[in-house]
Amino acid sequence: MSKKSEINFKIHLDENHIPEKIEWSASDSGEEGTKEAKSFMMSLWDAHENNTLRIDLWTKDMMVDEMKYFFYQSLITMGDTYERATSDKAVANEIREFGKQLGEKLVNSAQ
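In our numbering, the protein residues as written are 90 to 200.
No lab work stands behind these hints: they were computed from the structure. Each hint should be verified, as a subset may be incorrect.
Claimed, not checked - As a list, the in silico BS3-like pairs of lysine-lysine whose alpha-carbon atoms are at most 27 Å apart:
hint	residue 1	residue 2
1	K178	K124
2	K194	K149
3	K110	K124
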């Protein structure tokens with residue numbers, strides 16, 4: 090028998106349809122209720138269209154420095170995900186190295 094899991098997002102919008110609050114929950118998270126987030130990036134592979142579908146949202150109170158750090162962390166973890174999915178350590182390390190270089194630029198631009 091197969092098992093089903095759910096990940097749910099609830100987006101609270103202001104009168105201009107700008108996200109004010111992002112809530113999420115996952116049936117397998119081990120925690121009850123919803124958690125809050127200021128941003129998320131979701132990518133889905135559409136095998137029929139052979140294309141990536143994306144949803145990128147962030148709340149209006151997310152600061153620019155938070156967004157920079159979010160992108161930095163996302164790039165680093167993309168390298169980890171790529172390595173797990175392909176076993177290609179060389180390219181995964183290149184992705185992580187690019188993330189580190191970008192992180193240094195982001196830190197320097199904040200000064």
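Which hints, by number, does the structure contradict? 1
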